[in-house]
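Based on the sequences and whatever the hints tell you, model everything.
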Amino acid sequence: MADLFSRTANELMQMIAKDGLDPSRIIAELFERIARLDGKIKAFVLANKAGALERLDSANKKGKLFGVPILIKDNICVEGEETTCASKILKGFKPPYDATVAKRLKEAGAVLIGKANMDEFAFGSSCETSSYGPTRNPWDLGRIPGGSSGGSAAAVAADLATFALGSDTGGSIRQPASLCGVVGLKPTYGRVSRYGLIAFASSLDQIGPITKDVQDAAILLGVIAGHDEMDSTSVDIPVPDYTKSLVKDVKALRIGVPKEYFVEGIDKDVASSVKAAIGVFKDLGARLIDISLPHTEYAVSAYYIVGPAEASSNLARFDGVQYGLRSEGAGDLIDMYIQTRSKGFGEEAKRRILLGTYCLSSGYYDAYYVKALKIRTKIKEDFDRAFEKCDCIVTPTSPTAAFRIGERSADPLSMYLSDVFTIPANLAGIPGISIPCGFTGDGLPIGLQILAKPFDEEAIFRAAYTFEQSTDFHKKRPNL
Amino acid sequence: MPAQTIQYETVIGLEVHLQLKTNTKAFCGCSTKFGQKPNSQTCPVCLGFPGSLPVLNEEAFFYSIKVALALNCRIQDVIKFDRKNYYYPDLPKNFQISQYDMPLSYDGRMDIMSKDTPKRIRIKRVHLEEDAGKLMHPEGENYSLVDYNRSGMPLLEIVTEPDIASPDEAYDYLTRLKAILEYLRVSDCDMEKGSLRCDANISIRPAGDKVLGVKVEVKNMNTFKGVRSALEYEEKRQASVVGDGGKLVQETRLWDANKSMTCPMRSKEEAKDYRYLPEPDLVPFMIDRSVIEKARSSLPELPEARSARFKKDFGLSGYDADVLTGRIDIAEYFEECAMQYDDKKKAANWIMGSIMAEMNDRNVGIKELGVTPADLLGLLRMVDGGALSGKMAKDVLIEIIESGMPPEEIVKKKGLSQITDIAEIEKVVKSVIEKNEKSVSDYRGGKKNAFTFLVGQVMKETKGKASPAIVNELLKKILGE
Amino acid sequence: MKTIDKNDVKHIALLSRLSLSEDELEIHSKQLASIVSYINKLNEIDTSTVLPTSHVLASLKNVFRKDVLKVSLPADKALANAPARDGDFFKVPQVIEGK
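Residue numbers (the numbering used here), protein chains in the order written: chain A, 1 to 480; chain B, 1 to 481; chain C, 1 to 99.
Just so you know, the hints here were simulated from the structure itself, not pulled from any lab data.
It is possible that part of the hints are untrue.
[Stated by the list, open to error] In silico lysine-lysine, DSSO-like type, Cα no more than 27 Å apart, as pairs: (1) A:Lys475 - A:Lys282; (2) B:Lys80 - C:Lys61; (3) C:Lys70 - B:Lys134; (4) C:Lys6 - A:Lys343; (5) A:Lys103 - C:Lys77; (6) C:Lys6 - A:Lys103; (7) A:Lys94 - B:Lys37; (8) C:Lys61 - A:Lys378.
Take a look at the structure:
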């Protein structure tokens, strides 16, 4: 029973249930590895071994995920555990309640091992805006792991966590998964409860699994998904057994290839890997269909209005009154607000708040916010039309592989454009996964994105599983 | 410009905030009970903790539709909620979930009486939103304290068009509105407890002008009378500013009930940019025919209709009917009495007179007063039957209130039965005449007061129990001899 | 379409309760200007007949909760993260005057 740290959740579940594996050994191995390696990678903002063992002690032994360790992104509330969204303004905040997903994981017997680093308030695509400092890509420590769920993705890639939860607003699960060579799924909007997820953009956010393989993603989604009466935007549609979709067969599958996603500006290694991946689908008997999503080029603009607008409102509550940072020595109330927020928020957070406030301000609301919501309608219609002709859509997840730390942080716009392929799915509310599909000449992971229509995660799992099982990319690990 | 020759007319719009009497708050399951220990009725949702989400209270939604129907509003087919963004410590999220451009209802109306003439006040909109917490400013300290028990309570905002033309009309509007809301049983409507709040907008303009003058917002009025007084003050203040050739400023002023004046708010208000956006955490709500019909059929008979019925069925004057239907507890009380007693006018007078006077003095509702309809009717029947004089009955009423005993018992216990035995009274009358020769001759000399004095002496001798009618009759007869 | 300048940024900063140093104001103004200029791209599309989508789940409507009491947080838990408290109250610097 060596190398428990490198096992998938499914393997560990089998070993615990059938081979009598003592789950505390998994925790021991993981923490030994975390102690050894996380100093370099910095995937964790909170890693609590004693706490994990305590949780294991009182864990639900009959739970489906009994004894399996889970890492949770630091914008998801866990009762009594410091939850900061990697921001100074929430330092010390311990929620008096569990996010619904955390509650469901607890009920399933999973064991929390810590909180994962992220871009501050999920604003970012590189994990560089974290107030704790950036997480590093395990495949090349001089590069970013992607963001905003960079910590979750890096930890899973480096075998510092068995599986993890991230959140995705414009690609924050899929893009880091792609850059770290792991699996990351953004469910359909409304599939997973947002109660307890510290909001960035309420109409775009979703929590989802980041895992070593597709099967683990299917298992984890099955545990966290489902209607929640505490979330008005969570749908009351039954959760299927996603593991039943793990079938190696794409013969009847119609796969759409959108021309707008294969344009100039994509790294040539990325382009060739993705093209090869599409070829694999073809060889396996899927039908490839050329489609067009004509409003793709407007998605980033629309997103950078809707997202910041909602964020500027969601972040207004961070003001030093009830929790988190309060600036000392402030004169009066307004002074306290201004000083607390100016000291507590990082630059990117401020930028998004300013941008969002601008788009909502008097005189600009129609020109920006309403306009962006109309473009959103067009983007959604593009997908609706496409899904009449195909079951899945495949694209690259990211135009490039992992870039160097500091390479884009001075030019926000260039950073924003790295989300060009992932953003449309959030605007339309459709599900999407990123799975490993190759490596660049420098050995950096490349991700393939598979999209499907709302609530058809089953089609995604089927296509993703088939591809994964027909290739070896998911088996590779970084040299650490 | 000779200011004295310009007649000004007043234009008033009222904005009422009403706390709905649901069990739980608008968006979470915390209790709405008043007066509990601070921050003991809160949860992550109404505290606005990060990660929390709102879910709409179905009952609050239903109550809102009832109110909208009672105010004859049109109801939207689809409604949504919006965020109103501003920073204040009693607002935990620094935005309020409210309704902006698609409010629950609009284009309603309510009829009031303006100097005995019916007048229609248009209701611009009725919408649902959440309340903020309570901020306290301890005297002389440099800090403030916040209690979030009230945060998240469901509020209805009822806004009129600027159709109200005088402080008296404003007062009438508020009392009638309160009556309707009480009938609906959707709120305690208690200004002291803050479950009903009122802000006003007031401007003046030359009589007959169509253009609105500079609008002043008046806040911090804690009673309906306070609203009237504040508006009376503002009316005069604005007229005098203009009369002196000055210019009115669009501003917000606070009513100071102690000093009986309005004062401008001290802070320089930044231009109010609330940056409304549709609340993304709440889905839209469709209001279909069946919900509206269900709400409509659950409406009780409203004050206006009940008043008309009292007029018709019980032969009361319009004024009396209005007073009796002005509060639901009084209307029900009267109705119960009227069912069991023929002289509706008498019952009405007693209720509008002594009963309501005692209620006001003791600051209680009719139930707490403790005079049941049976008690009152028992009393009236004793007066009808001559067993009790009208004046004695008033004293017995007080006794009922204070002891809780029914009138029959009180009369028996205190031996208050009216003396109606003519022979007995005649004895006393003759005795009084004998003892008061001067008054007798004064009376015979034409002094009417002397007669009253003599009656008084008889009443004194009989400890007030002699039937005044009999005393009067006997005195006249005997003195006339 | 108007572009965003330093005065706009100052105004927005106040609305957002943020204070920016001169340097920050300079940088943010430039960066926001370039972002805003990029997002103005949206004007290439005619959306005069398009309805805005604020909720992607078009079929999801009328989500309610029943008017049933739930257990509230005890005051201590509600105040546990408070930077300043006075008994069972949250304490804040003085508000200059009433609303």
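Going through the hints against the structure:
no.	hint	result
1	A:Lys475 - A:Lys282	holds, 22 Å
2	B:Lys80 - C:Lys61	holds, 10 Å
3	C:Lys70 - B:Lys134	holds, 22 Å
4	C:Lys6 - A:Lys343	holds, 21 Å
5	A:Lys103 - C:Lys77	holds, 18 Å
6	C:Lys6 - A:Lys103	violated, 46 Å
7	A:Lys94 - B:Lys37	holds, 23 Å
8	C:Lys61 - A:Lys378	holds, 22 Å
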